[in-house]
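**Student:** Whole structure, please, built from the sequences with the hints as guidance.
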Amino acid sequence: MKFFRDYFIPRIIQYVLVIFCGITAVFFIPRLTGQDPVLEIISQIQAQGASLDASAVNSLMKTLKELYGLEGSLLEQYIITWKRVFTLDFGPSFFQFPTPVSDLLRTYLPWTIGLFVTSTLLSWIIGNMMGGIAGYFSHKKWSKILDAVIMVVRPFPHYIFGILVLILFAYVWQLFPAGGMMLGRKTILNWNFILTILRYSFLPALTLVLLGGAVWFQQMKLLVQNVKREDFVQYAHIGGVKEKYIIFGYVLQNAMLPQITQLALALGQVFSGVLIVEMVFSYPGVGLLLYRGVTRGDYNLVMGITVLSILTITTAVLILDLVYPLFDPRIRHK
Amino acid sequence: MGILKDLFKDYRFAVGFILLVFLFFLVLASFFSPYDAIKWLQVPRDKPPSWFHILGTNSKGQDVFWEATFSIRNSLIIALIAGLISRLIAVLVGFVAGYKGGISDRILMGLTDGLLVIPLFLILVLVAMLLKEAMTLINTGFLLAFFGWAWDARTIRSQVLSLREREFTQTSILSGNGTLSLVTKEYLPLTIPLIFSTLINNIAWAIGMEIVLAILGLVPLAIPTLGTTLQWAITYQAILLGHWWWILTPVVLTILLLVALYWFSVSVSEYLDPRIRIQRIGVK
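Residue numbers (our numbering), protein chains in the order written: chain G, 290 to 623; chain Z, 47 to 330.
Do not take every clue at face value.
As a list, the in silico SDA-like pairs of lysine to any residue whose alpha-carbon atoms are at most 25 Å apart [unchecked claim]:
#, chain 1, residue 1, chain 2, residue 2
1, G, K433, Z, K51
2, G, K351, Z, E179
3, Z, K178, G, I331
4, G, K354, G, R585
5, G, K354, Z, A180
Bear in mind the hints are in silico, worked out from the structure with no lab data behind them.
**Tutor:** Here you go:
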């Protein structure tokens, strides 16, 4: 019970607070810009050559305001926004009118979550393992070479690294398709389908794992170099504990814990990276949807993506924080 | 001069420094460009690199090399505005939260943590989408500054927290120094190395972000930046048509710039970190 009162409940309260602040920010920040998406769309329509008389403009404005939840006072709009968050109903999309935004998100989000979860887990595990081992043997030649390679990869932004991978493995050396996986209405789960997914997801996942792994590698290497010098490790050496056991049982396990907290903190940025990489490879996820939404000025869609991403990330961080005690003996034994 | 000599012993500093000097000369060269930065059809289109156009020409009829010099300059302008202004916010938030503590610390850090958890990139895109018509180089910088301070405010705060616990803080307060003079005269010089390294990281982040905003068409596409150059090359199918000189120029320049900045900042902050310096002397 003590665990519930001291850890679980405060964490849930924080979760609710962050979502509240996030949605409130999404509501207010666009309004601070003083720009009106409704006027923008009308001017877009007029720029395309359609002639609208005054009454048509008025009725159009009214419909658009209703669609965007921009009717009434600020408070009323705020309440409408929350209603949309709770029902996950963001009105119709503009670029695939009149498909509801929630329908689009339902088709695209699973792909993003699949890529996000696999690539984050892989990069975290691989990066930390390699960083840990390289940190433990930091005086060895191969460790220094690996470190130098990581130093080059680390500063690459997601888009640029993605483009390089795309050019290399899809155009110069045509190993993988350059994106454009089609989403069928019905997906039949068979061996062929899984192979197709793997073929199309490999390059985006590779980009994310290498870039993410580089960050974990460096952090873990630094941590392990410090843990290695601690007394209990020296003691284990003198006590004749096998080196393999010291590395995995003593050093890595201890250095792993802060990395879980780091992962929780970095998840928002990692998710942004996933969206950007999806754009490069035209991977059928939320990132591609975002690209289409932005380039076509689809305000409802971008709003829906933002709200849903906030919910996804905060929930992922919450889950991570709640399973953290399972790994941390200090909390576990209480 | 001794400092520079020490720094140059680190290969990362040497490479980073030389690359930065090279890129700086490219920026200078942009002022002597024989071509206009924005006009189309100034040279024959789609020519591979030759003696007259060392990096070839693009489908818009511009010289790729001279466009590149403009694009580095403009990208750096955006990144510098973003970096410097977000440093102001980060330092202010970090110092107030760290020094005042208590309720203001909790409010400011709550806000910062909230910003960190949210995928900020999406809110940035949302705002840029609304401001699309009003976006200029300077505005892009401001927008990035507004969203790029949270992580660094946290880092600066923890540094100030540890400084506050040190004895010289008490000495200074007991000798009758005001808060403002304590903070600006004692704390600021000690946190400058940290602020500098966060500045470099932030500049790198802003350059990467500008590229994504350009791909989304949210910055003025007529003005050459690293992002818009890439965006035009992709729009004109430069990869598919094999115009490698066009698409690779912004890609390679971005990589050179970011690797140079990163190596420069890592080596300088390692040099300034006394713990690592002692290690280095010990090894020799």
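**Student:** Each hint needs a verdict: does it hold in this structure or not?
**Tutor:** Here's how the hints hold up against the structure:
Among the hinted pairs, K433(G) with K51(Z) is consistent with the structure: their alpha-carbon atoms are about 23 Å apart, no more than 25 Å. For the hint linking K351(G) to E179(Z), the alpha-carbon distance of about 23 Å falls within 25 Å, and the restraint holds. This hinted pair checks out: K178(Z) and I331(G) have alpha carbons roughly 15 Å apart, not beyond 25 Å. With a CA separation close to 18 Å, the supplied pair K354(G) and R585(G) stays within the 25 Å bound.
Our distance criterion of 25 Å between C-alpha atoms is met by K354(G) and A180(Z), whose separation comes to about 22 Å.
The structure shown violates none of the earlier numbered hints.
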